[in-house]
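Residue numbers (this note's numbering), protein chains in the order written: chain A, 1 to 418; chain B, 1 to 500.
Some clues are possibly wrong.
Just some of the chain A residues that point at chain B, by a computed CB distance under 8 Å [stated by the list, open to error]:
1) A101
2) F214
3) T305
A few chain B residues that don't get close to chain A, going by computed Cβ distances all over 12 Å [unchecked claim]:
4) L175
5) L180
6) T232
7) R311
8) V347
9) E436
Just so you know, these hints were derived from the structure itself, not from any lab. By construction, the Cβ of each residue, glycine as well, lies at the ideal position given by its N, Cα and C atoms.
If you want the building blocks of each chain, they are given just below.
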Amino acid sequence: MNHSLDGLTPSSVEMPESLDELSQTLATINSSGKSTVLWGGGTRIGVGNIPSGYDVALDLSKFTGEIEHEPGDMTVVANAGITIGTLNALLAKEGQRLPFAVRNAAEATVGGSVASNAPGRRQSSTGGIRDWVIGMQIVLADGTVTKSGGRVVKNVQGYDMHRLHTGAFGTIGVVSQAAFKLLPLPPEQQTIIAWFSDLESAREVGMGVVNGQFVPEAISLISGSLARQTIEAAGETHPTTESWVLLVRLGGGVRSIERQVNEVVGSAGATGAEGYAILSDTMATAAWSKLDEAESASDLTVRMTSLPNATVAASNDILSGESETGHSHSTICDLGFGAMTALVHLANDADAVKVANTITGRISKYPASYVIEKCNRQVKRDSDVFSDVGNSISLMRRIKTQYDPSNTLNPGRFAGKI
Amino acid sequence: MPTEPSNDSPLISDLSAVVGEKYVIWKPEDLLVYEYDGSIDRATPQAVVLPSTAEEVSEVVRIANRHGVYIVARGAGTSLSGGAVPLRDAVVIALTRLTDLIEVDAENRVAIVEPGMINLHLSQKVSHLGLFYAPDPASQKTCTIGGNVGENAGGPHCLALGVTTNHVLGLEVVLADGSLTWFGGTQRESTGYDLRGAFVGSEGTLGIVTKIAVRLLPKPETIHSMLAAFTTMDAASDTVSEIIAAGIVPSALEMMDRRTIDAVEPFYHPGYPAAAEAVLIVKVDGLKESVEEQTEQILDICSNNDAMEVREADDEETRAKLWETRKGAIGAYGTIAPTYYLVDGVVPRTKLREVLQQVDQIAAELDVTVANVFHAGDGNIHPAILFNERNPDEVKQAILAGSRILEACVAAGGALSGEHGIGIEKQAYMPLVFTEDDLEAMSRLRTAFIGESPDDAPISVPSLGERFNPGKVFPGGAVHGAAYGITAESFRPTGTQDWQ
């Protein structure tokens, strides 16, 4: 793997395979006053500000070890380098899965996903990774190995350091191992696509579903050119006019799924959907994959978390901003979780800063947080890719100082350029 | 030694100037009710203040800083772990006047509440919107949501729905310097460190929460409860394992042992079979169709494990009847002994049977009476050690038995607490689970929160790191049972958990 990042190339790459090696490597980096950027599978390495120092790449993809799965307890413990795909394949043998999904699961690692709080479509039903981490092993900047939480599904013993490290982007310690609570695989799944000629109808149906009697596995409201592409990917014919798409995946037993399908389809029909389809497994996979492909192909990606209805309103604002930026915008709202991902295909790179500012400006009208997840170096130089954290920034800086006083770990990459 | 408070002491008059004389308690006889929290440990505060706004809390913290006194925030005092017991002559900030439901957003299912709001009141207040607040500790009729945040409280329904931290979106907190800050917001996730996640369950040692943004959930359309009686605890435990193995996550899965069945019989007359050694209560809820599917499976599993009797309830009245023995169990222990010590430990679900046998052995060896009612689904056991508080020997035996039970939980790969917290009760056991490095890493978080000593703090303030709720969580802060002659030397917790 090439470990260059944001135009910086490290002078060395370390790939520890054991906890001792990891601890010693970190201790050496720290005591020699060097700085390091942590790597997992590299799928989200671009998320973050430009490192203020980058001497050593500390790549944990070989720190795999044994996976400890206890099916009866519905828990699993895995080292940072295990991929989410490998882990889920093992869990599936016992009819279980990680409650959260991430994109590029075949490459994304446990450590990287936890540290970067990787989002996924199933957040609609199960929330974020933080909700499922029950314990953690953390190697501090000076190489000290520590832990918090436990391996049982419920524990209140000492501070929940594992939640502090989830989404901390490795700036206050290295997530070397995590323990997760698991969920059973649903017996059946079914995806429905419905498309609308106006946003309000799509919103009404979508919000009705998330506030209803069942929790969909995933529910995305898609707009812009991606909406039409998703309809096509699902094997349906899209209308010539602008469309908004609801893509809903349901899970449960046979009778439960039947009822859920009837409710979603009934509501879409009654609320003036232009069309809908209950998708075969193949078409369902194609439709969901289209969203992932669009995220991979995007030149500029901003992810907002807010109240569900605010994500829809913001998505409308961002679409209407196309005339201002002159570039093609699409959005995906996760109505169950309250997240919106804005994707921009840039016709020319030079406009990136202007487009990023337009989008973050429109998001900032709402009570929201955002992360510019994908952008060019110009944008990173011009702004903080994380939204302002408010007056808790001074406390966050004190936390960084407590755990990494010499600024060894991912320096400058986090919110507030911590 | 601090000066004896009186209404004209500088501290009392400064506090009165902020909240009004009526809301500053300083007379020894009035302070008594703030000495304890349902555990066996107690300590008298220097004074109790009852602010009515976040700004007043902030001002009280500033005054405490100026006078160099410690602060203990208190909700309803139901932690059972000594969490709210005010050590070090602290001033107690009771949050019982901050009870408002500030905002409800039904469409986005978010509410903002004040910390003194009683847990059950929130669900009652949003019920007409078809919503409820999921964490439901057994004390939900009295405990406060602020206290729940401090302890990361659970309850029967956290098996399927998660504990407090999974339902808190944002917190307004008064920090050590008296400033007000929001951690998180009304959205599910925020940028920066997850300070809300670090704060929930910190047992009041990092700051004082003054507003809480929480998630609300839609009330399920169908609820079905089942109660099954078994001739052995093993059969009941197998039933629990098989339900989970079938891929069902019930919304609650609770168990009672023989001694508990005996205790509840005279109160509620449930008429359980005479030969029943265990009673299991299972609740499933949600979509009618999925409840039906799961109910069929669960009834099959109960029958395969030779359940002697199965009762079902699908309307509210019958359900309340079916649940009343579980909910009233702990109160019913009063018929067996004057006092109980409710131990809170967690074991991996697959080790439940083994650890419950050890609990029996420990009770026999130490000649104490133990009754069990617990959250079987998530392995959170609550052995109640029954004793007479007036007999110091019984108290000591109870504490000793509690320590042995916790050691057994830890040895089985479990945790020291599922929902009551560490407080005073379990700090001596923290080294069973955590190394010095682990604890030192945790204490750095507290140092970051408390920050530097305020400029105007008197130099006489010892250990500023302990500004909030001193002597809690970390080992060495206080001795559990000190009032009964227990000393630090009485405990030598042995064994460690091989976690790494």
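Point to revise | Cut-off 8 Å, beta-carbon criterion: hint that F214 of chain A touches chain B | key: Cβ of F214 of chain A sits 5 Å from chain B, so the hint holds.
**Study point:** Interface exclusion of V347 of chain B relative to chain A, criterion Cβ beyond 12 Å
**Key:** Since the minimum Cβ distance to chain A is about 7 Å, V347 of chain B lies within 12 Å and the statement is violated.
Point to revise | Claimed clearance of chain A by R311 of chain B, with the beta carbon kept past 12 Å | key: Its Cβ never comes within 12 Å of chain A, the nearest being 24 Å, so this holds.
Point to revise | Least C-beta distance between L175 of chain B and chain A, which was stated to exceed 12 Å | key: violated, 7 Å
Review point. So is L180 of chain B really clear of chain A, every C-beta pair being over 12 Å apart?
Key: L180 of chain B is in fact no farther than 12 Å from some Cβ atom of chain A, at 8 Å.
Point to revise | E436 of chain B non-interfacial with respect to chain A [C-beta, more than 12 Å] | key: violated, 10 Å
**Study point:** Hint validity - A101 of chain A Cβ closer than 8 Å to any chain B Cβ
**Key:** violated, 16 Å
**Study point:** Residue hint T305 of chain A, partner chain B, criterion CB-CB below 8 Å
**Key:** holds, 5 Å
Practice item. Could you check that no beta carbon of chain A comes within 12 Å of the beta carbon of T232 of chain B? Key: Non-interface label on T232 of chain B holds, nearest chain A Cβ at 19 Å vs cutoff 12 Å.
Consistency note: the structure conflicts with the earlier hints numbered 1, 4, 5, 8, 9.
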